[in-house]
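**Student:** Listed here are the chains, written in short residue letters.
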Amino acid sequence: MDIGVTVGALLTLAIYSFLYRDNPYYKVAEHILLGVSVGYFVVTTITSTLVPKLFESIIRNGNFIYLIPGLLGALMFLRFSRRLAPVSRIPLSLIIGVGAGVAIPANMQAQIIAQVKATMLPLGSISNIIIVVAVLTVLVYFYFSREHKGIIGAGAKAGIYFLMIFFGTTFGYTVMARISLLIGRLQYLLGDWLGLIK
Amino acid sequence: MIADQRNSASLQTRHFIFILVAVSVALPLIFKIGLPLKVTAEVQGAYDFIDELPEGSAVIFSFDHDTGTLPEMIPLAEALLRHCFKKNLKVLGLALLAEGAAVGDDNFRRIGNEYNKIYGVDYLFWGYRPQVTVAILGMGENIERVFPADYTGKDLRSFPVMQNIRNYHDIAAVITVADGDMPVSWVHYGQARYGVKVIPAVTAVMATTIYPFLQSGQVAGLIAGLRGAAEYEKLIGIPGKASRGMDAQSSAHILIIGLIIAGNIILIRERRRKRS
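Protein chains in written order, with the numbering used here: chain A, 1 to 198; chain B, 199 to 474.
Simulated from the structure, these hints should not be mistaken for lab results. Among these hints, one or two may not hold up.
What the hints assert, rightly or not - The calculated label-pair distances, taken between Cβ atoms and stated as ranges, are:
hint, chain 1, residue 1, chain 2, residue 2, range
1, B, Ile217, A, Gln109, 21 to 31 Å
2, A, Ile46, B, Lys236, 44 to 54 Å
3, B, Asp304, A, Ile129, 39 to 49 Å
4, A, Phe77, B, Ser356, 33 to 43 Å
5, A, Pro24, B, His213, 14 to 24 Å
6, B, Ala460, A, Phe144, 38 to 48 Å
7, A, Ile165, B, Lys236, 18 to 28 Å
Built from N, CA and C at the ideal position, the CB exists for glycine as well.
Bound conformation, chain A alone (with noise of 0.2 Å):
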């Protein structure tokens, strides 16, 4: 049997042993599940990243432009100093601020316009009456200037329905997810460890 199917299985069981209640063998595989996690991401972040994207191209290919992101960079690690922590918001400001240049143009293309868009629909099927029907009542529903009562409130009320539908489809779905990976898990268990499945 291969040590390493062994040593996850035994892993697994521990992290499992938690459903029964905190216990000794849950916490240490939860801080090895840490420690690697961290570890792995400290490790691929420098090779992959600071590496080859700093490092070589100063050193090596001479571009000492990649200075400047280089030392904003480092800024942001004043913020351990008392000190010093307000200039570390100079590279913080300029990540806001670049992102939020970025963000809003794209978000305001690929979620305003293109989904009012895709609600002006023909009312020609009984999926589209649907669609628009339920954009408007809870549109409605979160139309919060006027008080809900008369023609607003039976709108709102009908939104509230459709915003249930939508949260039990998502709890679906959660459920659907979890027991998904509980299924990964036994079969790592049961086939690949005990070999219970053929």
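Got chain A sorted already, so can you dock chain B onto it with the hints?
**Tutor:** Just chain B now, kept in the frame of chain A:
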């Protein structure tokens, strides 16, 4: 004292439910039932899109997930990779989450070997890049500027598979294998800005986030969760881990429906008893 008794009673009920769920999943895995599986329109749409691509077209696989969701991600990636290799497409890969890099590289080499594909000639894995927005937008201008080298550190221009591939204009589709909302970023910055076709292969949890983009035509299909992977395996005619897990999925769902109904009956009875 009363609180302790209640706590211990609820713990027993909880443990009983855990055991029932475990048994309902384990038994169909060991003793196969073979329940029928219907292919949904969104999975069929993704399959048709890839199937109709001419031989030699380039597709990007973006492994945008960590290792916690591998039971859903691996069957999805395997089914889609098998289809692409079978169709003799140029398969290129990257990861926008660090943990996806190792998983993606392993998937590429394993499935590539199944179809006798050569690394660098038929497929290539570029590796990981942080800063999703910058990476996606950057590849729209020039892929080599974002990934000057592949995952192993070799110059990207040295690989034959990269000939005539500069940016999204040379890419037929981006398949994002994701456990979060990374497909939304691909739609925002890849599809909306550069018009690249996006096919999300996501965890079931993320399906309802992606459906509005499917309805608006911003994504070219949707493959969600283990169920989506099983449907795709059926379409390519290669049953894998997802197909084998479908009986267990159905069995667990029936149990959960039963538990919800039983819980509600108990609640209604208790309410009536209190009123009377």
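**Student:** Indicate, hint by hint, whether the structure satisfies it.
**Tutor:** Okay, the hints, checked on the actual structure:
For the pair B:Ile217 and A:Gln109, the beta carbons lie near 50 Å from each other, so the given range of 21 to 31 Å is not met. At about 48 Å, the beta-carbon gap between A:Ile46 and B:Lys236 stays in the expected band of 44 to 54 Å. Here the CB-CB span from B:Asp304 to A:Ile129 is close to 48 Å, well matched to the stated 39 to 49 Å. Range check, A:Phe77 to B:Ser356: about 36 Å between beta-carbon atoms, so the 33 to 43 Å window is met.
Separated by about 20 Å at the C-beta atoms, A:Pro24 and B:His213 satisfy the suggested range of 14 to 24 Å. A hinted range of 38 to 48 Å for the beta carbons of B:Ala460 and A:Phe144 is consistent with their spacing of about 39 Å. At roughly 22 Å, the beta carbons of A:Ile165 and B:Lys236 sit within the given window of 18 to 28 Å.
In summary, the structure is inconsistent with hint 1 from the numbered list given earlier, while agreeing with all the others.
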